[in-house]
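Here is how the chains run, residue by residue.
2 protein chains.
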Amino acid sequence: MEKRRTFIKSAGLTAGAIAISGWIPGCSENTINTKKWNEMPLSLRFKPFELKLKHVFTIATNSRTTTPDILTELEWNGVIGYGEASLPPYLKETQESVSQFLSKVDVSKFINPFLMEDIQDYVDGLSEGDYAAKASFDIALHDLVGKLIGQPWHKIWGLNPEKTPVTCFTIGIDTPEVVKEKVKEAEEFKILKVKLGRDTDREMVETIRSVTGVPICADANQGWTDRQMALEMCHWLKEKGVVFIEQPLPKTAKEDLAWLTQNSPLPIIGDEGVQTLEDVVPASQIYSGINIKLMKCGGLRAARKMITLARALNMKVMIGCMTETSCAIAAAAQLSPLVDWADLDGNLLISNDLFDGTKVTDGKITLNDRPGIGIIPL
Amino acid sequence: MEKRRTFIKSAGLTAGAIAISGWIPGCSENTINTKKWNEMPLSLRFKPFELKLKHVFTIATNSRTTTPDILTELEWNGVIGYGEASLPPYLKETQESVSQFLSKVDVSKFINPFLMEDIQDYVDGLSEGDYAAKASFDIALHDLVGKLIGQPWHKIWGLNPEKTPVTCFTIGIDTPEVVKEKVKEAEEFKILKVKLGRDTDREMVETIRSVTGVPICADANQGWTDRQMALEMCHWLKEKGVVFIEQPLPKTAKEDLAWLTQNSPLPIIGDEGVQTLEDVVPASQIYSGINIKLMKCGGLRAARKMITLARALNMKVMIGCMTETSCAIAAAAQLSPLVDWADLDGNLLISNDLFDGTKVTDGKITLNDRPGIGIIPL
Numbered sequence: 011m012e013k014r015r016t017f018i019k020s021a022g023l024t025a026g027a028i029a030i031s032g033w034i035p036g037c038s039e040n041t042i043n044t045k046k047w048n049e050m051p052l053s054l055r056f057k058p059f060e061l062k063l064k065h066v067f068t069i070a071t072n073s074r075t076t077t078p079d080i081l082t083e084l085e086w087n088g089v090i091g092y093g094e095a096s097l098p099p100y101l102k103e104t105q106e107s108v109s110q111f112l113s114k115v116d117v118s119k120f121i122n123p124f125l126m127e128d129i130q131d132y133v134d135g136l137s138e139g140d141y142a143a144k145a146s147f148d149i150a151l152h153d154l155v156g157k158l159i160g161q162p163w164h165k166i167w168g169l170n171p172e173k174t175p176v177t178c179f180t181i182g183i184d185t186p187e188v189v190k191e192k193v194k195e196a197e198e199f200k201i202l203k204v205k206l207g208r209d210t211d212r213e214m215v216e217t218i219r220s221v222t223g224v225p226i227c228a229d230a231n232q233g234w235t236d237r238q239m240a241l242e243m244c245h246w247l248k249e250k251g252v253v254f255i256e257q258p259l260p261k262t263a264k265e266d267l268a269w270l271t272q273n274s275p276l277p278i279i280g281d282e283g284v285q286t287l288e289d290v291v292p293a294s295q296i297y298s299g300i301n302i303k304l305m306k307c308g309g310l311r312a313a314r315k316m317i318t319l320a321r322a323l324n325m326k327v328m329i330g331c332m333t334e335t336s337c338a339i340a341a342a343a344q345l346s347p348l349v350d351w352a353d354l355d356g357n358l359l360i361s362n363d364l365f366d367g368t369k370v371t372d373g374k375i376t377l378n379d380r381p382g383i384g385i386i387p388l
Numbered sequence: 011m012e013k014r015r016t017f018i019k020s021a022g023l024t025a026g027a028i029a030i031s032g033w034i035p036g037c038s039e040n041t042i043n044t045k046k047w048n049e050m051p052l053s054l055r056f057k058p059f060e061l062k063l064k065h066v067f068t069i070a071t072n073s074r075t076t077t078p079d080i081l082t083e084l085e086w087n088g089v090i091g092y093g094e095a096s097l098p099p100y101l102k103e104t105q106e107s108v109s110q111f112l113s114k115v116d117v118s119k120f121i122n123p124f125l126m127e128d129i130q131d132y133v134d135g136l137s138e139g140d141y142a143a144k145a146s147f148d149i150a151l152h153d154l155v156g157k158l159i160g161q162p163w164h165k166i167w168g169l170n171p172e173k174t175p176v177t178c179f180t181i182g183i184d185t186p187e188v189v190k191e192k193v194k195e196a197e198e199f200k201i202l203k204v205k206l207g208r209d210t211d212r213e214m215v216e217t218i219r220s221v222t223g224v225p226i227c228a229d230a231n232q233g234w235t236d237r238q239m240a241l242e243m244c245h246w247l248k249e250k251g252v253v254f255i256e257q258p259l260p261k262t263a264k265e266d267l268a269w270l271t272q273n274s275p276l277p278i279i280g281d282e283g284v285q286t287l288e289d290v291v292p293a294s295q296i297y298s299g300i301n302i303k304l305m306k307c308g309g310l311r312a313a314r315k316m317i318t319l320a321r322a323l324n325m326k327v328m329i330g331c332m333t334e335t336s337c338a339i340a341a342a343a344q345l346s347p348l349v350d351w352a353d354l355d356g357n358l359l360i361s362n363d364l365f366d367g368t369k370v371t372d373g374k375i376t377l378n379d380r381p382g383i384g385i386i387p388l
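In the order they appear, the protein sequences are chains A and B. For the first sequence, the working numbering begins at 11 and goes up steadily by one. For the second sequence, the working numbering begins at 11 and goes up steadily by one.
No wet-lab data here; the hints were simulated from the structure. Among these hints, one or two may not hold up.
Any copy, or any two copies together, can satisfy a pair, since identical chains are not distinguished.
[Claimed, not checked] With a straight-line cut-off of 16 Å between C-alpha atoms, the simulated EDC-like cross-links for lysine to aspartate or glutamate are: (1) Lys64 with Asp184; (2) Lys173 with Glu127; (3) Lys192 with Glu49; (4) Lys119 with Glu49.
Just chain A, same shape as in the assembly (with noise of 0.2 Å):
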């Protein structure tokens, strides 16, 4: 008891200030701080806003140069929690109607920011989908809630920050020219990840060969119809250093992207056809691996859920992400020490982010020791 006093009176208290690295106290049972929070309701805001996008944006489906975003803070006793909605055009929701969604939320009955799951189970249950909606007021929430318990979420769930995965940075259908430039550009990077499911499939993964010989993941977004021609191309893929292929048949064809998992030498990942925590049983049945990405799933929580689901159903598991600001990103790499594969280079594609975040160091993610999701404003 004597040296738990001495200990107590040899804690230097300051105020203010937030250490970056190394040891993160918190508060221990030794140097709790003792002032009380005032008893107010939450008080939640939003804002639309336009992500620009460095270079013009292709997948199998469309092409654009902008997303539509939501912002989002949620504040209580003076901290802040920021969040976003990334609204890309060819997904369900949009600014309008995740505007509408937020309006609805009435968050002033809630006085006490701690009973996430209360709070987020209202809020999930206000309606059947919006989940873009519902991620942006869910990572508002934990980023809210970790600067108030004053630990990253990283720290807070155990993880590693050293075991964050690379992140691949993914080269848009371009010209070979465009490619081999953009290619190039992202040297820092050690794996790639290139869209497929056009007619220049073979030719975008020799372009970026011709280049370079960092492994690479492929996302077909449904772009392929034909079973026995998309076992093919896994089989050209394994022997071009593809590591994987995403969603390389329509969703809805189950049967044949089961068959094809069963007998492709590429692990098969279900993106489109995996939206949240409910698709993660009958998805192991179809595929071998999962991408997960906030704005399916209605944010953390989700997340966090079907990555336990998917590791005790024995599939591979990788975190992926929209075009996004650094907020929605430093989010999702927060969970990023539990995936196999992560694709969070959403922020790094925009030229507007608004937030200084997760960073990526030699194409690995590095995580911080700031509480909450780890960002300020910019």
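Using the hints provided, position chain B relative to the given structure of chain A.
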């Protein structure tokens, strides 16, 4: 920015006390304590302890008056996390096997207790079984890290402490007179648990019903053998106000159990048949729900994953215990807002408890706001 400075300035900081009720502030972005912990290895201690039972305890397979136990302490920077392994004689593990296992655990190579996943992967990887031994480590690690974070785990997990279930209280097999006496002593409890699986089953239930009308949960501990007889008992028990039956048939009788689950008017809960995380997916084909016990599954980390899995598979979840001190009970109680039923009376059955922890008030588990698993040595 001005507003934030004012906020920081007004945040009074005092060390050494823990607010037991009301808002626990943790360390916010604004108030974080910048003291750095020393880089030092973790240290683990353990010692045997004998739990003394208040009553002779009889279930289908044996009677006893004590339970062997191992107490663990995991220390880092002067903060101690407490853990425990309870070793009832009908299970494989013993004080010797747990001591042997814990002697092999070299935590001195870890200088950062926050890397819980790495540390637990290492400990779990040391052997195939030893789940109670692993639980004693898992509980101590959670207690330590929760204290370092300065928050109770139910709060870190975002759970509502008001949503704890009522806990059942076990009435062991005995003469009608003693059973009546035990039921009267248990009048605080809103649900009772009766141990069945012998030829006195109907008499036991009738005896309880002669004294009280509260709901009953039944546990046959694999004591029945005939599925048709089991089904008839389920119908009879349902009429008597029983809400579910645990392990009616031997865990190896999987087909009969699946048949019973399909036909029974009561939920059939797997206990002996569902030990670890790996058992949950197969159990979904056999049982309506699972009884999770920290000593069976290896601790809180595995238990949380089991709950996520069971929910995704539409299964009921109960959390149970052995005879244990308030240490392991308080650890399990952290999870209890997530379950349908709790059977966390193990500390109430012993006369030599070592900790002040979770209370039962009007039959309901009451979580406190102490950091970690919420216990203080008596």
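Item checked: Structure versus earlier hints, numbers of those that do not hold, lowest first -> 3
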